[in-house]
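Asker: As you go down the protein sequences, you meet chains A and B in turn.
Just so you know, the numbering used here puts 30 at position 26 of the first sequence, and the rest follows in order with no gaps.
Just so you know, the numbering used here puts 911 at position 182 of the second sequence, and the rest follows in order with no gaps.
FYI, nobody ran anything at the bench for these hints, they're computed from the structure.
One or more hints might be untrue.
Cut-off 27 Å, straight-line C-alpha distance, at most; resulting in silico cross-link-like pairs (DSS-like, lysine-lysine) [unchecked claim]: (1) K243(A) to K225(A); (2) K243(A) to K262(A); (3) K352(A) to K407(A); (4) K824(B) to K352(A); (5) K115(A) to K262(A); (6) K8(A) to K1075(B); (7) K824(B) to K472(A); (8) K243(A) to K857(B); (9) K857(B) to K352(A); (10) K262(A) to K225(A); (11) K262(A) to K857(B); (12) K115(A) to K243(A); (13) K243(A) to K8(A).
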Amino acid sequence: MTAKKTIVCRCEDVTLGDIDHAIAAGYIDIEEIKRYTGFGTGLCQGKECMAAIATLVAERAAIPADHITPFTARSPVTPTPLCLFSAITPAATDDDAGPAPPREAFPVALKAEPVPARTEVLIIGGGIMGLAIAYNLTVLGATDVTVVEAGYLASGASGRNGGGVRQQWSTELNIRLMRESVDLCRRFATDLGVNVWFRQGGYLFIARTAAERARLEAMVKLQTDAGADTEILSPSEIKSLVGEISTDDVVCAAYNAKDGILFPWPFLWGYARRASERGARLITHTEVTALSREAAGGFVATTSRGRIRADRVVIAAGAWSPEVARLIGISLPTRPVRHEICSSEPLKPFLGPMVSELASGLYFSQSMRGEIVGGVSLPSETPTLAMGSRLAFLETYSRRITKLIPILGGVKILRQWAGPYDLSADGNPILGEVDSVPGLFLCSGFVGHGFMMAPRVGQLYASLLAGKERHEIFDRFPLSRFSDGASTSPREDFNIG
Amino acid sequence: MPSDTHSEASVMIRFAGRDVRAARGMPVAVALWSAGERVLARSIKYHRPRGAFCFDGHCGGCLMRIGGLPNLRACMEPCTEGLDIEGQNAYPSQKLDVLSAVDWLFPRGMDHHTMMTGSRVLSAVTQKLVRQLSGLGTLPDQIAATAEDAAIVTPDVCVVGGGPAGLAAATEAATTGARVVLIDEMPEPGGSLRADPRYGPEACAERTRRALASGAEILASAQAIGFFPEDRGGVLAVATRSRLLLFRPRATVYATGGYAQNLPFEDNDRPGVIAARGGGRLLLDHGISPGQRVVLAAAPDAPVDFAEALTEALTAAGSEVIVAQVLRARGRQEVTGAVIRDPDGKERTVDCDAILVWATPAPATELLRQHGCAVRFCAARGGFAVTCTGDGQTDVPGVFACGDVTGYVGPEAATDAGQRAGARACEAVR
Chain A
5 MTAKKTIVCR
15 CEDVTLGDID
25 HAIAAGYIDI
35 EEIKRYTGFG
45 TGLCQGKECM
55 AAIATLVAER
65 AAIPADHITP
75 FTARSPVTPT
85 PLCLFSAITP
95 AATDDDAGPA
105 PPREAFPVAL
115 KAEPVPARTE
125 VLIIGGGIMG
135 LAIAYNLTVL
145 GATDVTVVEA
155 GYLASGASGR
165 NGGGVRQQWS
175 TELNIRLMRE
185 SVDLCRRFAT
195 DLGVNVWFRQ
205 GGYLFIARTA
215 AERARLEAMV
225 KLQTDAGADT
235 EILSPSEIKS
245 LVGEISTDDV
255 VCAAYNAKDG
265 ILFPWPFLWG
275 YARRASERGA
285 RLITHTEVTA
295 LSREAAGGFV
305 ATTSRGRIRA
315 DRVVIAAGAW
325 SPEVARLIGI
335 SLPTRPVRHE
345 ICSSEPLKPF
355 LGPMVSELAS
365 GLYFSQSMRG
375 EIVGGVSLPS
385 ETPTLAMGSR
395 LAFLETYSRR
405 ITKLIPILGG
415 VKILRQWAGP
425 YDLSADGNPI
435 LGEVDSVPGL
445 FLCSGFVGHG
455 FMMAPRVGQL
465 YASLLAGKER
475 HEIFDRFPLS
485 RFSDGASTSP
495 REDFNIG
Chain B
730 MPSDTHSEAS
740 VMIRFAGRDV
750 RAARGMPVAV
760 ALWSAGERVL
770 ARSIKYHRPR
780 GAFCFDGHCG
790 GCLMRIGGLP
800 NLRACMEPCT
810 EGLDIEGQNA
820 YPSQKLDVLS
830 AVDWLFPRGM
840 DHHTMMTGSR
850 VLSAVTQKLV
860 RQLSGLGTLP
870 DQIAATAEDA
880 AIVTPDVCVV
890 GGGPAGLAAA
900 TEAATTGARV
910 VLIDEMPEPG
920 GSLRADPRYG
930 PEACAERTRR
940 ALASGAEILA
950 SAQAIGFFPE
960 DRGGVLAVAT
970 RSRLLLFRPR
980 ATVYATGGYA
990 QNLPFEDNDR
1000 PGVIAARGGG
1010 RLLLDHGISP
1020 GQRVVLAAAP
1030 DAPVDFAEAL
1040 TEALTAAGSE
1050 VIVAQVLRAR
1060 GRQEVTGAVI
1070 RDPDGKERTV
1080 DCDAILVWAT
1090 PAPATELLRQ
1100 HGCAVRFCAA
1110 RGGFAVTCTG
1120 DGQTDVPGVF
1130 ACGDVTGYVG
1140 PEAATDAGQR
1150 AGARACEAVR
């Protein structure tokens, strides 16, 4: 049984109609179309289809040839088994260090739409936080909202993370917030009309020492008290959950069956589409280059496409937030740290939970497409917004993951990429209005976990901006806590996986 | 005529539970084509029948489970005695996959973003179903052996790609006394020449001999998998079957050529629709006719000289060749015909057993882009072509490009460009 179809991407079964559909939905740069249709994400990584699709898009969306850029060339160029990377001797460091990593330029704007002259709320950053706030504002009836994004949707960390959603945290507040977020994730597909492939396969934190065991046990107690059903599993219980795991040197694991994973990109499309339908304006490929207060109150933002006056401004630019805040003279005590990640060839489902190893910061799960998606902590480096990939990452990742699941040694890596974590000193975010600049709001410093928290934080933030309920997070996590010297919140130290 | 470098000894491979005789060392995809097997697997989403397309190790057409490992390209795996070969993503078999109902149920394609989001119950069921249907292969049969330690290689010049441009660059560079290593992903160098009737395996062997005689080292069956600017001062990682090699050359010449592209006609993924170069490779490299009655579909702007040479060679080998624009491939499992438009504009249906597609190959620029080299889009030259001077210097010092990766130039011009780039690379390291 077959139907007539014209296939443009053989690996992912993307049809000519899918490309037209994406263009009709407003996605016209190659990176956006890749994400929206999935073309070029399969085994061949675009070798057979990218040029042909670029030609189609150039014709159909009438884009001049010199504005068309290819998507980023990810390594490995050919699927390569993990076991080969395990056999790299770790590099001697200093004298072998490469050149300073370059910043990645976002593709240029392909649509010449003007920016609005004024808006009530201007949100800088069209990642998950900015879009969740915009959407929830429109739900509360505040529709004079403009979101400005420097790149394409999903170009920052929101489009680069591993999609983990968990309730296993070390502070009561985060456990509570994440329990609420998990509920929102469960309903997201039907609430916003877009599939995000949220799958509650659980989250398994592996301990290899007695000290790690003690840490997990303390957390499990805290989580149980906060209403999250986390339990400690013995090695044999771990084995019955994931038969492929080697439990040699494994002491125990913490497991919560309600934790899960999702596919990050559609979250952004869902929020963006619904917010736009309700009147919010979303302007991509547009950088804010200056931001100042006006004498009469309010703000003026200069963008690469014109000036926008705004009554209030929210900086929700993830790891780019310190740069944006600096435009208006605010110094944010957060720093961008590159985090690398990779994806394997697609395999039939075998791995239920997200698995994480405390000692190494290794984490991995099996996506709804069947890929093993995961990362690992690397020795800290100078703060950078560079998003290049390193062989050293694959070496560390493959050693750790094949130690835990030896059968994965023969599984091939399809591609690797990186995104910036937005690291704060106490592991907690920076939220709420800036005391010294009334009308300026901050929403950053989520330490690589903003995505999973965004569904709930977006609601709470919209409620604050709309003058409704003020949640305790805005009192717990203000910018002023760093200058006061008195952090009012317990440190969140479970920022892995 | 079969290439003299393939052993004539035959082996038995096992495909879908039956024995198939094949030449030892012949790529699995070629052996199966020769045995009349066109449907090798099912596609990931619609479970459409799939078969080999490029025969060049680049597309995702011939992914199979081979020797207990998932998702291997059958066109890159050599036949060995008793080798187990299975299709993937098909129940119960490649030919009778009941899940191909998905293709039929969604004749206009499916919008997986909004599918079943209208109902909580349907949505929940869909999520479970999609999870079960996802993925292609299954886990390997056995734990992989420990790989040999990665080694660092520091030649003067590394040439990536053993087609006309790469062989010429390596020969030229080695002649001047530089230590040159050429890496090529296929078992034998030659690249596009192996599929081109104007050259063929003998010409490839001759050019390879010249490169070796000039002192160049050739590393075959090795794939450059990435340039990593931040590791060890910048390394080009090359994967062989048993280990990684980390190249730190003083100059790199990229002669990576172009990837075969398909054309957008209905059912253009039907097994039996193959790249024209794939057809050339079957005929010249392996002595196998792509079909008795073949439709050759060339893109309007594709270079005519290759299409003409291939038509002539196929005809000489006894195939009937119909040159036409293809509107639709026919055949439920594999190509049995085509709806074509003749040069005079008339539409008609013809019977055929293969459709050969010839479009300008897309420049293989990934590694150059990882170096930071600029590319420019030019549809007429195959897509995103790397920009460089006449002697191959890109905008990154020590990085050179020549041949079709700079936009399609064809084998003659690629040879000349390779010579110039090889000479220029030597000057750069002197």
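Asker: Compare the structure with each hint and give your call.
Answerer: Hint by hint, here is what the structure shows:
| no. | hint | result |
| --- | --- | --- |
| 1 | K243(A) to K225(A) | 23 Å, holds |
| 2 | K243(A) to K262(A) | 19 Å, holds |
| 3 | K352(A) to K407(A) | 21 Å, holds |
| 4 | K824(B) to K352(A) | 20 Å, holds |
| 5 | K115(A) to K262(A) | 42 Å, violated |
| 6 | K8(A) to K1075(B) | 22 Å, holds |
| 7 | K824(B) to K472(A) | 61 Å, violated |
| 8 | K243(A) to K857(B) | 23 Å, holds |
| 9 | K857(B) to K352(A) | 13 Å, holds |
| 10 | K262(A) to K225(A) | 17 Å, holds |
| 11 | K262(A) to K857(B) | 15 Å, holds |
| 12 | K115(A) to K243(A) | 53 Å, violated |
| 13 | K243(A) to K8(A) | 45 Å, violated |
Hints 5, 7, 12 and 13 from the list above are not met by this structure, while the remaining hints are.
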